[in-house]
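Engineer: For reference, the chains in residue letters:
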Amino acid sequence: LTHTPVEEILLRNAVVQGVRTARGVIETDTVLNATNGWAAQLMPDLDVVPLRAVAIITEPVPQLRVVPFEAVLGGQVVYGSTQDAKGNIQVGGPPAGAASREGQFRERVSLREVRANVSILTTLFPSLADVNVIRCWAGTMGATADGLPCVGPWPQVKGLHVCAGFPNGMAFAPILSKLCAENIATGKPTMPLDPFNPGRFLGRNIQWPAEYNYTVLAEFLARL
Amino acid sequence: MSSRAPLVCDLAVIGAGPAGLTAAIEASRTGARVALIDENARPGGQLFKQIHKFFGSEEHRAGVRGFRIGEDLLAEAQRLRIEVMLNTAVWGLFEGNEIGIVRADGVGVCKARRVIVATGATENPLAFPGWTLPGVMGAGAAQTMINVNRVLPGRRCLMVGTGNVGLIVAYQLLQAGAEVVALVEGLPYVGGYHVHAAKLRRAGVPIFTRHTVVRARGDDALQSATIAQVDQAWRVLPGTERDFDVDLIALAVGLRPQADLCWMMGCAFQHVPALGGHAPLHNEDMETTVAGVYVAGDISGIEEASTAMEEGRLAGVAAAESLGLVPASEAADLKQRAREALDALRAGSYGEMRRAAKRQLLDLWSAAHEGHH
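Chains as they are written, first to last, in the numbering used here: chain X, 1 to 224; chain D, 1001 to 1373.
Honestly, the hints are just simulated from the structure, not real lab data.
Treat the hints with caution; some may be incorrect.
[What the hints assert, rightly or not] If you anchor each label on the Cβ, the simulated ranges turn out as follows:
id	chain 1	residue 1	chain 2	residue 2	range
1	D	1065	X	24	55 to 61 Å
2	X	20	D	1062	53 to 59 Å
3	D	1008	X	82	35 to 41 Å
4	X	139	D	1245	47 to 53 Å
5	X	2	D	1134	21 to 27 Å
6	D	1369	X	1	29 to 35 Å
[Unchecked claim] In silico lysine to any residue, SDA-like type, Cα no more than 25 Å apart, as pairs:
id	chain 1	residue 1	chain 2	residue 2
7	D	1111	X	156
8	D	1111	X	188
9	X	158	X	185
10	D	1111	X	114
11	X	158	X	184
12	D	1111	X	118
13	X	188	X	18
14	X	86	D	1126
15	D	1111	X	185
16	D	1199	D	1171
[What the hints assert, rightly or not] Incomplete in silico selection of chain D near chain X, CB under 10 Å:
id	residue
17	1064
18	1109
19	1264
20	1266
Every value quoted in this text rests on a predicted model; they were computed, and no experiment measured them.
Here a beta-carbon is modelled for each residue, glycine too, at the ideal position from N, C-alpha and C.
Isolated chain D (complex conformation) (with noise of 0.2 Å):
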């Protein structure tokens, strides 16, 4: 291991997506000296795979393509001169906010005052025979490889959930010249907005509801697949099979918190399945049961890119605060307007469900902190 100086920041931002990038310019904004870490070769995190066109209120950019929010938030970024630490990967989180991190030339560590955890989802995996062939992959692999790589991952796509990943990356699959024979779904209805499967079915394809991926075939990659239909217990219809040539599963069963560094880190958790799973407790000012680290966007509950955003806003001014650069009725305030921004998009049906599950982690936060008192 290298035994080189530790680089002492105020704030490390571990993650440049949406959540990220949006924090390191806020506590930026304040005179911070932040420094923004990303494994990949380019800040932007899922934003520059979505070339779909946001959902919500005008002033959360609804209409606007995902990229161009993307393109605003680097140009920015760069404007206020963040250091973005990138194709560099943090392996560790210990004791002190001492962050380990690995890039081509080494291993190091940095050192941090405060620390942001913004990195986001991974997805969930789905097993089934031949779930490992090649050919079967998560949905947000195959939309990074058309959208970001320009690479087909195959001609012929069986695409496994309708939630909004499924049927966005199933159109945009289509959209890149692939055939997207079937998508399956296990519940009795579509999962995600309506119009995004609206798309789907004036393409002519077909939605089968109530039913699951039973097997995938091939020698060395993937060649077949087989749906059937299932029961209310999940349980396979014998007679219901059908089978289809395919070169491509996606799998679009949902996304969970990537939260590693702060299981690392010793905080609190709590299993909230309207969040996707395990997410770490925190309060008002997205700051986790361990003093002075801070999590925003998908990691602290499964939301979308806007909510990420409003969220990484939040850590990074309550972060900048802590640091005593910014007077407090100014965070007040700049947080308050996070705060709206978050309630107004956690709107609806859906929303309400979210923010329900948001108010369980505030609230269990708050009897860990008084635990400790």
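Next up, chain X with everything else stripped away, as it sits in the complex (with noise of 0.2 Å):
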């Protein structure tokens, strides 16, 4: 069902009864919020923040030795980059400015942007410079205080399950999301969900900064 958002979480007495659509309501007595970065948009006590995130990418190279990379350029956090089976290379990164929790949906990306992630490209790549960027796009993630994601029943409701949480990207949703998928069916993951216990902040009432990009958390999440 596209371009149907989900406004609420039906519950009663702690119960999950449906979710009401901006086209009607869906009755069910199971539901898994898998929205990520939205995911507290539904469930305001869980501490999943969203964190907006820039990539580009260039067009097709020959197969180069590129590696994922996490490193500190001009005081900011910057990371990742892979080379997919046509050639292109993506570099991803945060924004270099901080924004508020409302900004991290911001879809466009402003010039400054891209000249930033260009120059994470050639500083750490030089021999790159002259090969054309062909897109740029921003995205918005989910970050948790402790860099693991929530995945598996949420503690405070019967029949909600959360998979969210991932501030890096989408590289550990297949197998997290495989888990939560048989936790749900058959109640026996095959691997233990217990370190990513969607309720483990409970209680901690963690202040988040008002501000904040991924070099801000970081160092937030430093002296948490």
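Please assemble the complex out of the two chains, which come individually in their own frames, going by the hints.
Structural biologist: Structure representation (structure tokens):
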């Protein structure tokens, strides 16, 4: 069901009844909230904060030894670089400036951000200076206080499950989604989900910075 | 990326086709400093491919061949000393009207107080087994090859689609010396003007309505195509297949607004099938929901060159007016004339459909605008 935003998870006595969407109510006893950066909009007690990232992708080049990296350049944390089978190199990175929680959902990319990401690429890989960047985009991820995702049943509500809190892209999503599905279907995931208990931050009352980006969060979480 | 200081102008017009050229000319007449940007080696857009005579009324140059209109516009642009930046692709449009450009000598940024996006249309693809073989191409691409570059893209051609583009390009392929083995059309009737279809029929070219292309074959390049009849649900009817030896399949299955730059800029859009797909909302001055960013021509809904020129006129005057370069009363007069011309061009059953569709964009712009205040 596309173009169908979920507006509310319907509960009665802490038991899931269904979801209310823009196109009507869907009754169900099991709901999986897998909206990552948007997850807390439906579950305010879930401590997953939206986190915007920007990515650029180059035209295809011969296969290089491109490895994922995490680095600090000009005081900013930058990360991520992959090359796909066709040879396009992708560099992901956080935007240089901090933004409000609302601002983390901004889909447009500014010229300054394109320049910042291009300079990451050319600083780390000077030989790519004359390679064309063919696309750029911004996306909203979800971050948690310990860097691990929230995967599994939500302790406060029967029938409500979470699979969210992936701040660095979706590399871990396939395996954790599989475990999450196994847990919903059988109650017995092939690997334990305990480290990812979505309720592990309940009662900790984390005071997230009002304005942040990946760098600000990294420093904030290091002090936490 | 180059650290070259940004080029600042009053108005940047992106795309030097009929809409962009007319917009640049109108704005330039008011004294605006205009940069007209186009990725091609020469301005004119699709006009120089149009060796056929235009339809419409006398004042809209009916009976005149498209490329003559292009020559007149170029002469006027030259007389006004409009700076035309050719071989210059625009790769991004950003907040603050910053325009990312790339040329052979590098990458740069151009900044303008107002922007008119007149980037035209892009051809729709059609996927079928074999559609990626060399020799399968858009009808517009085939038209560029014969009428601009004077290269025959194939000797035996199957045309898919019988809108005006399909009909006209099929005839021009005949004129260029190719054989057109057939036209296929999924609908039960010919989509374009029958005067064009009649010329093809007189030349002995069969038109198969309620047919589609089902597959293309070839080792390294296209060698043959199979067409077949379809039912009302567009399912192929077994036993109706026909094979043709062809080295060119030209796809004329519609155009859609080429609006990437407006998407980047955050303009609001509406999907309007009668206009070819997603079109940016705009007001009666052709201004989008992003203040200072205007559209004109096919980007604001697929029509034709005559309406593109009138929309360009409207956008050019409105942009100049908003810069305080033309008195309100004079601007009102010029805009009124362009709007009346557009109304006249959108007459008839096809025109009425487009007029209603454009009205929808205007109404939605108003609704979006009220929402902002």
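Engineer: Confirm or reject each hint.
Structural biologist: Comparing the hints with the structure gives:
1. D:1065 / X:24: 55 to 61 Å: holds (56 Å)
2. X:20 / D:1062: 53 to 59 Å: With Cβ atoms ~57 Å apart, the hint holds.
3. D:1008 / X:82: 35 to 41 Å: At 38 Å between Cβs, range holds.
4. X:139 / D:1245: 47 to 53 Å: Since the Cβ atoms of residue 139 (chain X) and residue 1245 (chain D) sit about 48 Å apart, the hinted range of 47 to 53 Å holds.
5. X:2 / D:1134: 21 to 27 Å: violated (35 Å)
6. D:1369 / X:1: 29 to 35 Å: About 31 Å separates the Cβ atoms of residue 1369 (chain D) and residue 1 (chain X), which means 29 to 35 Å holds.
7. D:1111 / X:156: Violated, at roughly 54 Å.
8. D:1111 / X:188: Violated - the C-alpha atoms of residue 188 (chain X) and residue 1111 (chain D) are around 59 Å apart, more than 25 Å.
9. X:158 / X:185: Given that 25 Å is the threshold and the Cα spacing comes to 14 Å, the pair holds.
10. D:1111 / X:114: It holds: about 16 Å lies between the C-alpha atoms, which stays within 25 Å.
11. X:158 / X:184: At roughly 12 Å apart (the allowed maximum being 25 Å), residue 184 (chain X) and residue 158 (chain X) satisfy the hint.
12. D:1111 / X:118: Holds, because 20 Å separates the two Cα atoms, which is no more than 25 Å.
13. X:188 / X:18: holds (24 Å)
14. X:86 / D:1126: Holds, because 23 Å separates the two Cα atoms, which is no more than 25 Å.
15. D:1111 / X:185: Judged against 25 Å, a Cα distance of about 57 Å means the pair is violated.
16. D:1199 / D:1171: holds (8 Å)
17. 1064: violated (40 Å)
18. 1109: holds (7 Å)
19. 1264: holds (7 Å)
20. 1266: holds (5 Å)
Hint compliance for this structure: hints 5, 7, 8, 15, 17 are not met, and every other hint is.
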